[in-house]
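Since chain A is already given, all that's left is putting chain B on it; use the hints.
Note that the protein sequences, when read in sequence, are chains A and B. Sequential numbering from 1 applies to the first sequence in the numbering used here. Sequential numbering from 583 applies to the second sequence in the numbering used here.
Treat the hints with caution; some may be incorrect.
Unchecked claim - In silico EDC-like pairs for lysine to aspartate or glutamate, Cα to Cα no more than 16 Å straight-line:
1. A:LYS366 - A:GLU442
2. A:LYS102 - A:ASP26
3. B:LYS1024 - A:ASP153
4. A:LYS438 - A:GLU359
5. B:LYS740 - A:GLU557
6. A:LYS365 - A:GLU433
Claimed, not checked - If you want the footprint, here are the derived chain B segments under chain A, 3+ residues with CB under 8 Å:
7. 793-801
8. 1054-1067
What the hints assert, rightly or not - With the Cβ distance kept under 8 Å, some of the chain B side facing chain A (calculated, not the full set):
9. ILE600
10. PHE751
11. LEU759
12. LEU761
13. ALA765
14. LEU884
15. GLN886
16. ASN888
17. LEU993
The hints are simulated quantities; they were obtained by calculation from the structure and are not laboratory data. Yeah, the Cβ is synthetic: ideal placement off N, Cα and C, and Gly gets one too.
If you want the building blocks of each chain, they are given just below.
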Amino acid sequence: MIYSAWLVWVVPLASVPLIPAASLLDGRLRGWLAVASTGASLGLATFGAMSPGPASTESVAIWFPSMHVSVQVEVDGLSVLVATFVAFVSFLIVVYSLGYMKDEPGQTRYYSLVLLFVGSMLGLVMSGNLVQFYFFWELVGVCSALLIAFWTDRPAARRAGLKAFVVTRLGDAALLVAVILTFVTFGTTTFSNMLSPSSLATVGAGAAFPLGLLMFVGAMGKSAQVPLHGWLPDAMEGPTTVSALIHAATMVNAGVFLMVRMYPLVQLSNSLLSIVLAVGILSALVGGACAFAADDIKRVLAYSTISQLGLMFAAIGLGAYDSGQAATYHMVSQGLFKALAFLAAGSVITALGTRDMSEMGGLAKKMKYTYLGFLLAVLAMSGLPPLVGFWSKDAIFSLAIGSGPAPTALLLVAFALTSLYSFRMLFRVFHGERRSEKDVSEPPRSMLLPTAALSVSVVLAWGVLQYQNLVNLSAFSSPDLATTLPSLAVLAASGTTAYAITLRYRSRAVGLLQRVWALGAMRNALSRGLGFDWLYSSAYGRVLSPLSRGVASLQTERLRTNAGLAVFVVVLVFVLYAAGAL
Amino acid sequence: MSMWPTTVMEVLFAGAMISLLAEMGGRAYKPLRDYGAGLVATLAIAISLVILASGWAESLGPMVQLQPVQSFFASLYVADRFTTFTAFAVLVIALAVSAYSMRYFSRPDLKGPFFALLLTLTCSLVGVISAGDFITLFLFWEGMSISGYGLVAFGKDKLSVEASVKYFFMAGIGSLLALYGMAVIYSATGSMQLQGILGAVSSPYGQLGVAVLLVGLGVEAAVVPLHTWLPDVYTGASLPVSAVVSGAVTGTGVFALAKVVQPLIAGGGYPVPIPAPEPVGLATLLGGLALATMLVGNLSALAQSNLRKLLSFSSVAQTGYMLAALSTLSVAGLVAAVFTIWNHGLLKSNFFMILGKNDSSLDASSLDSLRGTGRSDRRLGFLYASSSLAMVGAPPFGLFWSEILVVQSLLTAAGSSYPSPYFWLAVAVVLNIVTSIGYYFKVINTVVFGEPRNVLQRRPLTDLVVPSSLMAASVITGLVPFIILGSVL
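Looking at chain A on its own, in the form it has when it is part of the complex (with noise of 0.2 Å):
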């Protein structure tokens, strides 16, 4: 038995009930009590990652006999790396939780739903079958709706709750059949079967692809992929804690994980690469552009995450024999940047009270700590060496320029606005004149301590991921002149434009919004996101609402009318008798 590799998601998970528990005792013992739990979390992943041996799977008590299923802990290079990288970050917020939601009410809630969030994304990272995995994707889901909800006594944080359901589970709806016809077709869902090279012999292409994009659309749902991304924007309702979770450790990295995952069932099929690659590219372009025409701080970091997810879709999509680990780097170095500029950001809202980036600016000298930590987030979201940013991105890169010039151009234009938006941010908040009279400060120690850590993550990262092996990129020891050149004008063409329209001459860009139709046109249908939202809400109202009033109406008072309906399915009885259909 590998302890530890159980603990790891054990004791998030049976720390849960232990909370209402806590409340009983003492208000503040809910909060150290998730600290501990994550904490005891973090050092048994921390200690697996550390040593490590031979890849394995380990299964107690038959679990589901319908299809043959145990409780399975699965301890590989990939699990061990996401669920080290997964309980860190969660660690990291949940301190942060101890002073952010300090005076809210409802902390039971918060507290044994974030153990519960977090304890199912390590137990979905460590899963060993399928039908476990899908057990704890779909728990993962159930608590990200109810925190985005967490303030229900406004109704928008209870719609995008109800959004984030819905359209997630659209994808689960896909998974579900993906996973059962996994077991009709291989006759196991457990991973080191079902993978093993002699099981996937046995089915070709033409068995993957069908497979393979039912787990795809599943992933889409997860990982807010156009165009089931909407809910990610809207989920920026709940609190700043919840969305960093949502965007760093948890929720949408489920997705990824799946389709790395499942790479070896998924690179059997071209045509699936492909619209997995044509779906990463256009969420990375669609996101990005989104995230430079937002001007709600959360809405940027939101889109921002559709993009970022799009390039880890888009690794995948090229399917070069790196994808897989590259697309993980570039999970855990956007889930460690993505915490960071949350956090950040978080603290900026906590002592201005608006996410609202036009009554932001010039906080630079107020909150010197928040800004520093803010600067390394964007700089690595732009991709600047050495930071962990630029090493995910460059892996990333140096694929496309293996498969072709189309995704090689078009992942430079998901660079630029990548670091178009980012600088775009970062000088709107911090730097520029101050537009709030609002007296502001540093945020508490147990605020500053997580931000100061994930800052020094950002730096140190691609050390440790490199030297200790954690990811393995045959390609990749010393990066290439010929991709980082690219990349790195793209950052500076970028980062300079965005000082110039922001800062230089703000005013000019401004007016040139003004004047030029077209310009101001694309501005408002990109703050619009492109109008999916409003696709979406006129398909329910046009068609689906009224279709169920008029399918409700058929149940009526009149007892005329039920009888009718009887008589009906009896003669359409007699009919297919007639007819010889019975």
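Frame of chain A; chain B shown alone:
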């Protein structure tokens, strides 16, 4: 041969008589008057559960055993794993409803008749579940309906009487159709035993009989378009009655359909030649009704603003999923349907019990007047939220596995040819489940999280013990499904 069906029915019937006597005899003595009938009923159901559990091991054999038995209820009975588990589910829900109802009715003179009817209903349900031939099935089917009319009218206001009359008409149509189907099967095969259905499907005439029988029995299971009585009954009846109808009667209706298809399934317990007959017409009929039932159920539920109506349409949708599983005519489908009867029954009766004691007017159960209940009473909010999540098939509740089993039975039937009708039925099932989030999240958003309009009275803890136990049973099923699947089912 397990004797539990007759023994259980004898106990329940005797209980019904004693609880009437207890109420009449106890008029002079207050505690007996207040709790006598309820205690007798609860005890009778508990004893039946013990009897059933002690006979359980014998019913786990691979084949159904039919044998006429000597008893007060002498007839032909079946006690296989499906029958036993469904009877167990029904008895658990009846036990919960009986325990819950002890404090529900304030007028003591109502208690005797109520508990007597509850016991005769439960007795009939067990009879329907374990019947081995058409005569037995029909007799208990009528017993179930008659007890049902009485119970539904128990609210004694206009709404419940109206619901009862509507139920009476629709169930009457159903019974007639079922009887006609039985007669056709008899004239095609010369057998009144359920086993005779196997012979009937070899001729179109016999298949007609089976089809009409399915439609007739489908009324009680609320198969669209014969579902129209269900919303009225769920809203018009008093809450304990809604709890038992939604949890036990609808499930028994579905099980009656399962009984009709069981003799056609190889490995289902009856001797079936291999390869098993493939009555394509019947499977198509079941599949088509399943599709209509889940669609109409879910779409209608989306439009509801009254919680009890919403719950009733959600039951219709669940019937649709179970029918879809049954349409595969496979053991997996049978297991899926029976397991769903258990999971759905637990959650639905729990839902009606947490709705709690209010006047049975429609207005009291509208989402608007329940708005904010969860804010004024946290425990109630927790129960509402977890029940709603459980109903959309979220883990860790039992219905999560039901959902997987239903889809698994469909995809297994579809085989490796993806664009087969069963594949699309599976897709319809998962999309319908997504739709159900639309209305159950509405429950969470208004009832649990909304701003309270009226001052709501906090409910005593004792009111929540029974629903919490049902919820706990659902969570246990969800966390350790193997205690049921693969062992008793």
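For each hint, the structure was consulted:
Pair hint LYS366 of chain A plus GLU442 of chain A holds up; C-alpha atoms about 7 Å apart against a cutoff of 16 Å. A hinted pair counts as satisfied when its Cα atoms are at most 16 Å apart, and LYS102 of chain A with ASP26 of chain A qualifies at roughly 14 Å. A distance of roughly 15 Å separates the Cα atoms of LYS1024 of chain B and ASP153 of chain A; the hinted pair therefore holds under the 16 Å criterion. For the hint linking LYS438 of chain A to GLU359 of chain A, the alpha-carbon distance of about 10 Å falls within 16 Å, and the restraint holds.
With a CA separation close to 13 Å, the supplied pair LYS740 of chain B and GLU557 of chain A stays within the 16 Å bound. Note on LYS365 of chain A and GLU433 of chain A: the hinted pairing holds, with a Cα-Cα distance of about 11 Å set against a maximum of 16 Å. With 4 residues having a Cβ less than 8 Å from any Cβ of chain A, the stretch 793-801 of chain B passes the three-residue criterion, so the hint holds. Counting residues of the stretch 1054-1067 of chain B whose CB falls under 8 Å from any CB of chain A gives 4; the rule of at least 3 is met.
Evaluation of the ILE600 of chain B hint against chain A yields a violated restraint, the C-beta minimum of about 38 Å exceeding 8 Å. Against a cut-off of 8 Å between C-beta atoms, the interface hint on PHE751 of chain B holds, since the closest Cβ of chain A lies about 6 Å away. Hint status for LEU759 of chain B relative to chain A: holds, with the closest Cβ pair at about 7 Å, below 8 Å. Violation of the interface hint for LEU761 of chain B is found here, the shortest Cβ-Cβ separation to chain A being roughly 13 Å, above the 8 Å cut-off.
Nearest Cβ of chain A to the Cβ of ALA765 of chain B: about 15 Å, over the 8 Å cut. The hint is violated. Proximity of LEU884 of chain B to chain A holds as hinted, the smallest CB-CB distance being about 4 Å (cut-off 8 Å). Taken as an interface hint, GLN886 of chain B checks out: its beta carbon lies about 7 Å from the nearest beta carbon of chain A, inside 8 Å. At its closest, the beta carbon of ASN888 of chain B sits 11 Å from a beta carbon of chain A; the interface hint therefore is violated under the 8 Å criterion.
For the restraint placing LEU993 of chain B at the interface with chain A, the shortest Cβ-Cβ distance is roughly 5 Å, inside the 8 Å limit, so the hint holds.
Violated hints, listed in ascending order, are 9, 12, 13 and 16; each of the other numbered hints is respected by the structure.
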